[in-house]
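**Student:** Each chain, written out:
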Amino acid sequence: MNKKVALLGNPNSGKSSIFNRLTGLSAKVGNFPGVTVEKKIGKLKLPGGEFIDIIDFPGVYSLHPNAKDEFLVTSILANPNDTNYPDLILYVADITHLEKQLLLFTQLIDLGLPIIMILTMKDLAAKDDLHINIDALKKHWQIPIFSVNARSQEGILEIIKEIEIKLTNPSFNTPPQYKLSYTEQSVANDLNAHLTSNNLYQSLLNAHYHEQFDHLSKHQKEKIKSVTTSHGFNSLQSQIGETLRRYDSFTNLIRESASEGTFKVSKLSDKADRFLTHRVWGILIFLLVNFFVFQAMFSWASYPQEWIDTGFTFMGGLIKNIGLPESISSFISDGILAGLGGILVFIPQIAILFFLITILEDFGYMARAVYMFDGLLVKFGLNGRSLVSLIAGGACAIPAIMSTRTISNQKERLITTLVTPFISCSARIPVYTILVGFVVASSYRIGPFNAQGFLFMGLYLLGIITALLAGWILKKIIKSDERSQLMIELPDYKTPDFKVAFQTAWTKTKSFVLEAGKVILVISLILWVLSSYGPIAKMQAVDAEVMQAKTEQSLSNNAANDLLASKKLEASYAGIIGKWMEPAIRPLGFDWKIGIALLTSFAAREVFVGTMSTIYSLGSTEDYGSIRQKLAAEKDILTGKPRFSMPVAVSLLLFYVFAMQCMSTMAVVRRETGGWKWPFIQFGFMLGLAYLASFVAYQVLS
Amino acid sequence: MFKPIIAKSLLDIKEGKICGFNDENVSRLLISKGILIGSLAKLIRVSPFGNTYYVQIDGLRFGLRKQEIDVIQVTEA
Chain A
1 MNKKVALLGN PNSGKSSIFN RLTGLSAKVG NFPGVTVEKK IGKLKLPGGE FIDIIDFPGV
61 YSLHPNAKDE FLVTSILANP NDTNYPDLIL YVADITHLEK QLLLFTQLID LGLPIIMILT
121 MKDLAAKDDL HINIDALKKH WQIPIFSVNA RSQEGILEII KEIEIKLTNP SFNTPPQYKL
181 SYTEQSVAND LNAHLTSNNL YQSLLNAHYH EQFDHLSKHQ KEKIKSVTTS HGFNSLQSQI
241 GETLRRYDSF TNLIRESASE GTFKVSKLSD KADRFLTHRV WGILIFLLVN FFVFQAMFSW
301 ASYPQEWIDT GFTFMGGLIK NIGLPESISS FISDGILAGL GGILVFIPQI AILFFLITIL
361 EDFGYMARAV YMFDGLLVKF GLNGRSLVSL IAGGACAIPA IMSTRTISNQ KERLITTLVT
421 PFISCSARIP VYTILVGFVV ASSYRIGPFN AQGFLFMGLY LLGIITALLA GWILKKIIKS
481 DERSQLMIEL PDYKTPDFKV AFQTAWTKTK SFVLEAGKVI LVISLILWVL SSYGPIAKMQ
541 AVDAEVMQAK TEQSLSNNAA NDLLASKKLE ASYAGIIGKW MEPAIRPLGF DWKIGIALLT
601 SFAAREVFVG TMSTIYSLGS TEDYGSIRQK LAAEKDILTG KPRFSMPVAV SLLLFYVFAM
661 QCMSTMAVVR RETGGWKWPF IQFGFMLGLA YLASFVAYQV LS
Chain B
703 MFKPIIAKSL LDIKEGKICG FNDENVSRLL ISKGILIGSL AKLIRVSPFG NTYYVQIDGL
763 RFGLRKQEID VIQVTEA
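Protein sequences, first through last, are from chains A and B.
The numbering used here puts the first residue of the first sequence at 1, with every later residue one more than the last.
The numbering used here puts the first residue of the second sequence at 703, with every later residue one more than the last.
No lab work stands behind these hints: they were computed from the structure.
Just so you know, these numbers come straight off a predicted model, no measurement behind them.
Among the hints, a few may not be true.
Unchecked claim - One side only, chain A facing chain B, incomplete, derived with CB under 10 Å:
#  : residue
1  : Leu104
2  : Leu124
3  : Leu236
4  : Asp273
5  : Val280
6  : Arg368
7  : Phe373
8  : Ser408
9  : Gln410
10 : Leu414
11 : Val542
12 : Asp543
As the list claims (entries may be wrong) - Computed footprint of chain B on chain A, listed as stretches where at least three residues anywhere in the stretch have a Cβ under 8 Å from a Cβ of chain B:
#  : stretch
13 : 55-68
14 : 207-218
15 : 481-489
Glycine included, each C-beta is placed from N, C-alpha and C at the ideal position.
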């Protein structure tokens, strides 16, 4: 087992840059066991050849937690048997705000773990003419301290050498920074006997949070409860007392060792904020920034997406032609490859969006956006912090929902999780693209603009408005006494670290592939079985029928194959389910063919396009133009009118705006909410709304 | 002469020295972020949709809701 080094520090301390420089692309994202808080872990080779793990903990202000991700840090550090319990701590602090970043540091000292301190933003401090007497601090705490620039690799090697020294010879001479009160002391002494710990502060943390700690047995919890009660231990007052005493222990020290007042506010950030957080300009700039982000996401991603698409089609064709038995080659190309392609095709958009979001976050802009929109989002049961999830939802709901963990209020986090899938994700785009043409002709213009563009925008807006309204309704329904809060720090603006953004995009995308990939792959395999197999007699009858049609109508081989695929899909189990569904979806203007597509696109919405092309016997064509032509020629058997009339297209578009239609999102919601209850409720209300909207639209328009 | 300390709201006087908090649960979170008694607080602006304020406290800036600011008591510096 590798030795573990924990990277800890406040939010905005420059921790991610340090992590990036220590580990590079070796970093992996996982989850801390039992919780959904993201764990970034990377390997580092020490000069002596030993490999160690660097674990990037969530940025926190204190070991007295607020949000879920903060609680995790406390629960790991309060339990020496935790698999992530570190052998050494690297404490990262921003030198320009050192006085406000030491609360956590002194708490960590009291845990008795060896610590190395890394002060970041040395260059900024130099620019502001801020000098801190680091030797005095080293002497005071008896620990190694390094200061580094915000961006360069300078000084990293010295840190790595020091890590090796500290790990081979773990010495610790720093006295506790906080003297426990009489009551705390008695409680901790009693607990030390019951827990395997011999550290007083660790026992005190267990006294504070024993009810929520998973590492304690029921028996231990009861014991701790009786100890705390018998000593009259008041957790809240103890926390406040501890925090204030800790500030007293270092405030003067820092003021004495700093060249001048450390309360220097970056003047540039203030000037920028007059504009960027202005009541009117701020909102306009936000909209503009988002426009560019999404514009970039779509235009940059279109090239790699095309390569992925072409690559998979090519491989599928290759496999069909190497002479394997038909059922096996179909399994590989239509089952596995189609499933994989369906996952991989989203990677470019997700990677680009996360790259850009991380840049905005690192720059300091996201915190401002959260501040600006909090007042609005609160009215809809959300939190300013929900904004990041809502924006990420424009690429994919899965990583978006995974980023709700920074919201401390349970109710707001739940509502954010429930409404995020209403935001039109990238999987809806192929569906919209096929269908908008049936609503307005591409030649139709409003002023200088293409009317289809407006329709597209309208669909996006509809998703956003519905997300807010659903939040408003959920706010009324879900009861909670828990306080909601914002309290967000607005850091100094700084040049974004592109390496960190690249690393974040890379690791997030990897985790998307692993999270969603599994589900999409399994679902698409199940759907492949359902749509390739059917009652044997029926399937054989289809073979004979197509052979006959081929000779009678002298069809080409390709046309006959396309016809066979279409007829087989009709006779398959998926076809049977589609026909069985038809009475239910008829009022929405859909027939069994659309029913099959609704069913198969439950793996991922964009599968709709592929299914439509199979069922209308287009074979493997995925060209939007030809699919649309074929659909336009299709007649309704009952009425003889075009199948894809404007009302049907509108109804189908609305259905895809509202319906959940994504098994992987449901799986992620289940994990985030700890059960199947909420994903099913969510699925139910989204489907209900989709049905209602499509029903009304179709009945009114036709 | 004895001069009484009169605690006021930051929303009224816009700028002052923090002299107390009137809610322990909220103050717990405020102090962990470095918002302490004795800190200098300055209300800069209100957010576009209201209810949230841009506040400078010592060297730091925060977005705080009205309910959070209400907890902070200040005196004229």
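**Student:** Each of the hints needs a verdict: does it hold here or not?
**Tutor:** Okay, the hints, checked on the actual structure:
Against a cut-off of 10 Å between C-beta atoms, the interface hint on A:Leu104 holds, since the closest Cβ of chain B lies about 9 Å away. Taking 10 Å as the C-beta cut-off, the interface hint given for A:Leu124 is violated, the closest approach to chain B being about 13 Å. The beta carbon of A:Leu236 is positioned within 10 Å of a beta carbon in chain B (closest approach about 5 Å), and the interface hint is therefore held. Interface restraint check for A:Asp273: the shortest CB-CB distance to chain B comes to about 7 Å, inside 10 Å, so the restraint holds.
Taking 10 Å as the C-beta cut-off, the interface hint given for A:Val280 holds, the closest approach to chain B being about 7 Å. With 10 Å as the threshold, the beta carbon of A:Arg368 comes within range of chain B, its nearest partner Cβ sitting at about 8 Å, so the hint holds. Interface restraint check for A:Phe373: the shortest CB-CB distance to chain B comes to about 7 Å, inside 10 Å, so the restraint holds. Annotation: interface hint on A:Ser408 holds; nearest CB of chain B at approximately 9 Å, less than 10 Å.
Here the hint on A:Gln410 is broken, as its CB sits about 15 Å from the closest CB of chain B, past 10 Å. Violation of the interface hint for A:Leu414 is found here, the shortest Cβ-Cβ separation to chain B being roughly 20 Å, above the 10 Å cut-off. Contact between A:Val542 and chain B, as hinted, is not supported at the beta carbon level, the nearest pair being about 60 Å apart and thus beyond 10 Å. At its closest, the beta carbon of A:Asp543 sits 64 Å from a beta carbon of chain B; the interface hint therefore is violated under the 10 Å criterion.
A stretch counts as covered by a chain when three or more of its residues have a beta carbon under 8 Å from one of that chain; for the stretch 55-68 of chain A and chain B the count is 4, and the coverage holds. Only residues whose beta carbon comes within less than 8 Å of a beta carbon in chain B count, and the stretch 207-218 of chain A has 0; fewer than three means the coverage is violated. Only residues whose beta carbon comes within less than 8 Å of a beta carbon in chain B count, and the stretch 481-489 of chain A has 6; three or more means the coverage holds.
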